[in-house]
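Engineer: In case you want the letters, here they are:
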Amino acid sequence: MLVQELLKAELNIEQGIAGHLIQQEVVFLDRQKETLLRLARNQMARRELLIFGAKEWIVRGYTELSELMVRLTDPKSVSDTLDLKETQAQVVRRFFPQLDTGFRSLIYLFVAFNPDYFGMPISQLTFLETAVDGIYASVSNLQNYLSDKLIRDIFSIRNLFECINFKSKVARPKNPATYVPHPNGMKIQAKDVSFKYHEKSQPVLRNVNFTIEPGELVSIVGYNGSGFPLKRR
Amino acid sequence: MDISELTDHNINLCFEDARRLIEQGVTEIFTRQLSVVVQLMSITASYATLASLVNRKSWPILGLMASIPLLKNSASVHTVESLG
Numbered sequence: 001m002l003v004q005e006l007l008k009a010e011l012n013i014e015q016g017i018a019g020h021l022i023q024q025e026v027v028f029l030d031r032q033k034e035t036l037l038r039l040a041r042n043q044m045a046r047r048e049l050l051i052f053g054a055k056e057w058i059v060r061g062y063t064e065l066s067e068l069m070v071r072l073t074d075p076k077s078v079s080d081t082l083d084l085k086e087t088q089a090q091v092v093r094r095f096f097p098q099l100d101t102g103f104r105s106l107i108y109l110f111v112a113f114n115p116d117y118f119g120m121p122i123s124q125l126t127f128l129e130t131a132v133d134g135i136y137a138s139v140s141n142l143q144n145y146l147s148d149k150l151i152r153d154i155f156s157i158r159n160l161f162e163c164i165n166f167k168s169k170v171a172r173p174k175n176p177a178t179y180v181p182h183p184n185g186m187k188i189q190a191k192d193v194s195f196k197y198h199e200k201s202q203p204v205l206r207n208v209n210f211t212i213e214p215g216e217l218v219s220i221v222g223y224n225g226s227g228f229p230l231k232r233r
Numbered sequence: 001m002d003i004s005e006l007t008d009h010n011i012n013l014c015f016e017d018a019r020r021l022i023e024q025g026v027t028e029i030f031t032r033q034l035s036v037v038v039q040l041m042s043i044t045a046s047y048a049t050l051a052s053l054v055n056r057k058s059w060p061i062l063g064l065m066a067s068i069p070l071l072k073n074s075a076s077v078h079t080v081e082s083l084g
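These protein sequence lines map, in sequence, to chains H and C.
Note that my numbering has the first sequence beginning at 1, numbered continuously upward.
Note that my numbering has the second sequence beginning at 1, numbered continuously upward.
Please keep in mind that the hints were generated in silico from the structure rather than gathered at the bench.
Every residue gets a Cβ at the ideal spot worked out from N, C-alpha and C, and that includes glycine.
Be careful, since some hints might not be right.
Reference listing, derived: stretches of chain C covered by chain H, where coverage requires no fewer than 3 residues with Cβ under 8 Å from a Cβ of chain H [stated by the list, open to error]:
hint: 1; stretch: 14 to 26
hint: 2; stretch: 50 to 60
Sample of chain C residues at the chain H side, in silico, Cβ under 8 Å [said to hold, decoys possible]:
hint: 3; residue: Asp2
hint: 4; residue: Ile29
hint: 5; residue: Ile43
hint: 6; residue: Ile68
Full structure from sequences and hints, please.
Structural biologist: Rendered as structure tokens:
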């Protein structure tokens, strides 16, 4: 019992210290937010900040980021949620986009209030941001395109051109026989035709010889399995 | 071509590959190949823009801007992997 009470007291002290630190953090962030708002409302601020509500965007980005940081560092809000993995997944989904916006707004703030220090106005920073994002997007697209499929396609295209340019290695005879078509069709002639379904089986055809003249009608008669289809082929 | 040549394994493979290409659509495949060139040109254009914008003083800003997507990507990938 004594040990349990001691542990409970220690836990309370830890929670108290953590709570105090968070309170300090909140006060600090609030102070920063007020300074930012004061700067944003200042009519003497650079004119670029007035375009397209850039001031509001910067302050909103920073505010969202600071609020999220406070929520994440608060142990109460974390312990209330039972499913830790789901909480982490939510943090990933919500935290990273806000972190991105927050950092971008901070960079814009740096440039907006110290343009001479960084050697560029805020308008130039917009172009720079677009160029950087463009490079990342292009590299990402390139990664998707440069797959094994692309390499296979290159080989297929090469094969296609090879097929088009293919030249037969079989030499043509010097005096090829000319084909003279018969007015009634072709003559079919078979000479010593033999066939077995398997090597060890009995031949169904053995030394068959026949000639069917053009225009001649021939019927084949016999028992089942005596090889009609073969003769027709 | 002679009939005896059509039975050649390598020539058969070559023709099968060409047939697959035509069935899939040659235009689509050529467009896919061309898109690689397009992306490379886009990277070059973006790089040229950056080179014209950046001077000796503005390197820190460029570094910060370039590190944001990189950090975001690597952090999210790492977290997603650790979450399983």
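Engineer: Each hint: holds or not?
Structural biologist: Evaluation of the provided hints:
Judged by the Cβ-Cβ criterion of 8 Å, the stretch 14 to 26 of chain C is covered by chain H as claimed, because 8 of its residues qualify and three suffice. Coverage of the stretch 50 to 60 of chain C by chain H holds. Counting CB-CB distances below 8 Å, 8 residues qualify, and the rule asks for three or more. Proximity of Asp2 of chain C to chain H holds as hinted, the smallest CB-CB distance being about 4 Å (cut-off 8 Å). Given hint, Ile29 of chain C at the interface with chain H, holds; its Cβ is 5 Å from that chain's nearest Cβ, closer than 8 Å.
For Ile43 of chain C, the suggested interface contact is upheld, since its CB lies about 5 Å from the closest CB of chain H, less than 8 Å. Interface hint at Ile68 of chain C: satisfied, since its Cβ lies 5 Å from the closest Cβ of chain H, which is below the 8 Å cut-off.
Of the numbered hints stated above, none is contradicted by the structure.
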